[in-house]
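Dock chain B against chain A, hints included.
Residue numbers (the numbering used here), protein chains in the order written: chain A, 33 to 409; chain B, 33 to 409.
Rather than coming from a laboratory, the hints here were simulated on the basis of the structure.
C-beta atoms are modelled at their ideal positions from N, C-alpha and C, and glycine is treated no differently.
A few of these clues could be false.
[Stated by the list, open to error] Which stretches of chain B does chain A cover? Using the computed rule of at least three CB atoms under 8 Å from a CB of chain A, they are:
# : region
1 : 41 to 52
2 : 62 to 76
3 : 107 to 113
4 : 127 to 133
5 : 150 to 156
[Claimed, not checked] Below, computed lysine to any residue pairings styled on SDA-like, alpha-carbon distance capped at 20 Å:
#  : chain 1 : residue 1 : chain 2 : residue 2
6  : B       : K221      : B       : Y126
7  : A       : K341      : A       : R380
8  : A       : K62       : A       : G45
9  : A       : K221      : A       : E152
10 : A       : K62       : B       : G127
11 : A       : K62       : A       : P98
12 : B       : K62       : A       : V109
13 : A       : K219      : A       : K62
14 : A       : K62       : B       : R332
15 : B       : K62       : B       : D89
16 : B       : K221      : B       : V382
17 : A       : K221      : A       : L351
18 : B       : K221      : B       : H282
19 : B       : K62       : A       : R380
20 : A       : K62       : B       : H282
21 : A       : K221      : A       : D279
22 : A       : K62       : B       : D89
23 : A       : K62       : A       : P83
24 : A       : K221      : A       : L256
25 : A       : K341      : A       : A373
26 : B       : K219      : B       : W157
27 : A       : K62       : B       : K219
28 : B       : K219      : B       : E152
29 : A       : K62       : B       : S114
30 : A       : K62       : B       : S68
31 : B       : K62       : B       : P83
32 : B       : K62       : A       : I263
33 : B       : K221      : B       : R350
34 : A       : K62       : B       : E65
35 : B       : K62       : A       : E65
36 : B       : K62       : A       : S114
37 : B       : K62       : A       : Q70
38 : A       : K62       : B       : G112
39 : A       : K341      : A       : Q375
40 : B       : K219      : B       : D281
What follows is the residue order along each chain.
2 protein chains.
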Amino acid sequence: MDASFPAESNVPGALSPRIHPDRSITFTVKAPEARSLQLAGGDGLGQGPFPMTRGADGTWSVTTPPAVPGFHYYWFVLDGLSVNDPGSETYFGYGKETSGIEVPEAGANFYALANVPHGEVRARWYHSQVTGDWRRALVYTPPRYDADPGVRYPVLILQHGAGENETGWTRQGRAQFILDNLIAAGKAKPMIVVMDCGYAVRAGASTPTFGAHASRQEVEAAFLAFEDVIIRDLIPTIDSDYRTVPDRDHRAMAGLSMGGMETLFVALHHLDQVAYIGSFSGPFLPGINTGTPGAQFDPRSAYEGAFAKPAEFNRRVRLLWLGVGSAESQFRAGISGAARALQASGVRLVYFESAATAHEWQTWRRDLNDFAPRLFH
Amino acid sequence: MDASFPAESNVPGALSPRIHPDRSITFTVKAPEARSLQLAGGDGLGQGPFPMTRGADGTWSVTTPPAVPGFHYYWFVLDGLSVNDPGSETYFGYGKETSGIEVPEAGANFYALANVPHGEVRARWYHSQVTGDWRRALVYTPPRYDADPGVRYPVLILQHGAGENETGWTRQGRAQFILDNLIAAGKAKPMIVVMDCGYAVRAGASTPTFGAHASRQEVEAAFLAFEDVIIRDLIPTIDSDYRTVPDRDHRAMAGLSMGGMETLFVALHHLDQVAYIGSFSGPFLPGINTGTPGAQFDPRSAYEGAFAKPAEFNRRVRLLWLGVGSAESQFRAGISGAARALQASGVRLVYFESAATAHEWQTWRRDLNDFAPRLFH
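Bound-form chain A, shown alone:
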């Protein structure tokens, strides 16, 4: 008997993709006129692209090796063009809507939609003086936010990665369920989580070029505009419109990958506003945020000397949290090296490695699950 089952990320009624008990996955699509079809996607699916095989009725299929648990982006390559799988939900990644698949992890319930009280995720439109536009943030309010109108809450600003947007943490990341479960178990304080879109262009400015080969100046220009949005527009909006405790001791910021870089960039400029800082798989890129151009991370010069006086840093910053997946071959050495260098210089921090996960969302779900309980004590 076939024990495979449709992925939770399939659209209702779609029978493909199907996950087998060993976490191998069978992808099927009917395309009688196609000449070639491949499956490609995130690291945890294995070393693709995987050629698909045409059956007699024009149905193409492939079964992958056992996948890493968690969420993986993927796509078909149909006669050379990358296209979505009509059987799966899409998620904003790689700068566009991309198919994704949810592979269960045995025993991992921390991001499940469980039988506990649930908060809300609110779409909030706000006007930015910095960009001149209306922007949309997603705001998680914890269970009982409306029922207990006398209670005020601390705030975590939580950012997505490059190519993603403000929907990433609730759709791919399931941040709302992670918080619901932590709060229900008494492991995390009830908090408001604000997820904004990590891009900003100043009113009247042209869209900057900002890609894999961006210069330090280009990255800084992009980050400075976003920093201004956070400090001048977003934080005042949240403190005005929600029942926050509007001070630094009740404000945290974290993000993944580019969002981790943004978090360090913004928070280290504004330690008067943020006391808890998390960088999830945030790379330290020589010439960008390592301090000395072209060199490894330097705790004395990085971030304009923010870490240069460890005792003062430790007094002001209630939590510095750095994490990476152990399978992130491209970033692990840089992040663990920066963490070691900071610790050697006397900076207090938490370093966390997600076992056997890559630069993907299962790493960041685990990061949030470790990070959030450490906040606001």
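Frame of chain A, contents of chain B only:
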């Protein structure tokens, strides 16, 4: 000079599709290895599919005739397989994630993200006793909902069409901006709008077959499960968790297409709970909801005689609103015929035709813009 511009529905940075001043649209995609590419989509794009032409560099393109204003689903047919355009956002329609394009309508600002106070759209998870599952509703709360904690609001339950889900009214429909604009102009009362997913399977039951050729019994079974969710689970949840006025005179229900059929089905069974009723392009299908099997709409027998006593109906129902797009060749005769028959029998109703729009979202945006101001007086 080329006066074309990327559609508002393009993903950030995507240069295609591009809309020309006459509302013709150029779609471009690079697919050097493709053998055939076509563009297909909603009625308002014109009589497709439109063959695309390959350029020397492997870029395929087509320019459509001038499109009808509004939102249109569309897709590429790449060597026989329907796939999304990587340049556009996707929207849940046809039971899967489907590309969409927003074509501006000159002078129509009623659904714009304007410089007015904005409500929130809240994702609310709730447990259904009927289905045994957690479900997600989207809840629009009007501007100042949090700021004026002493105010209670009427509720509009607003449903999507077949193949869509609870995201349709805010993503394709822009219902939140329509309400924001109406409320800002003083044209509609501030209200809560609840958008649920219009499918339900009873706990323990198998998923019913329900398609274009469903029988009356199959439609009824599907609608009855959804009706129970609305009446037993959703309305009590909303009245418990939001500051509603929890009575029939402050509760409306409306929906589009299948959602219009569901609205008549649910509301006419529960006039003790709902006083305002809107069916937007909700078909009257012989044998399904016309009263006499196989026949045209019969006001005496339809909906178990709900309209059979017009004076009593008019006394109880504060608004019955039926609408259709004038270009809906498949449904216009049936809906306008039902409206005429009801009026001839003495039932008071509003009948609205959206000029020159088809079975598409521009019709339903206009419907909501006409319907909402008539509520809760």
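Tested hints:
no.	hint	verdict
1	41 to 52	holds (count 4)
2	62 to 76	holds (count 7)
3	107 to 113	holds (count 4)
4	127 to 133	holds (count 3)
5	150 to 156	holds (count 6)
6	K221/B <-> Y126/B	violated, 33 Å
7	K341/A <-> R380/A	holds, 12 Å
8	K62/A <-> G45/A	holds, 16 Å
9	K221/A <-> E152/A	holds, 16 Å
10	K62/A <-> G127/B	holds, 17 Å
11	K62/A <-> P98/A	violated, 23 Å
12	K62/B <-> V109/A	holds, 13 Å
13	K219/A <-> K62/A	violated, 47 Å
14	K62/A <-> R332/B	violated, 48 Å
15	K62/B <-> D89/B	holds, 8 Å
16	K221/B <-> V382/B	holds, 19 Å
17	K221/A <-> L351/A	holds, 15 Å
18	K221/B <-> H282/B	holds, 11 Å
19	K62/B <-> R380/A	violated, 51 Å
20	K62/A <-> H282/B	violated, 49 Å
21	K221/A <-> D279/A	holds, 16 Å
22	K62/A <-> D89/B	violated, 28 Å
23	K62/A <-> P83/A	holds, 15 Å
24	K221/A <-> L256/A	violated, 31 Å
25	K341/A <-> A373/A	holds, 14 Å
26	K219/B <-> W157/B	violated, 31 Å
27	K62/A <-> K219/B	violated, 50 Å
28	K219/B <-> E152/B	holds, 19 Å
29	K62/A <-> S114/B	holds, 10 Å
30	K62/A <-> S68/B	holds, 16 Å
31	K62/B <-> P83/B	holds, 15 Å
32	K62/B <-> I263/A	violated, 40 Å
33	K221/B <-> R350/B	holds, 15 Å
34	K62/A <-> E65/B	holds, 19 Å
35	K62/B <-> E65/A	holds, 19 Å
36	K62/B <-> S114/A	holds, 10 Å
37	K62/B <-> Q70/A	holds, 18 Å
38	K62/A <-> G112/B	holds, 9 Å
39	K341/A <-> Q375/A	holds, 12 Å
40	K219/B <-> D281/B	holds, 19 Å
The structure is inconsistent with the numbered hints 6, 11, 13, 14, 19, 20, 22, 24, 26, 27, 32, although it conforms to all the rest.
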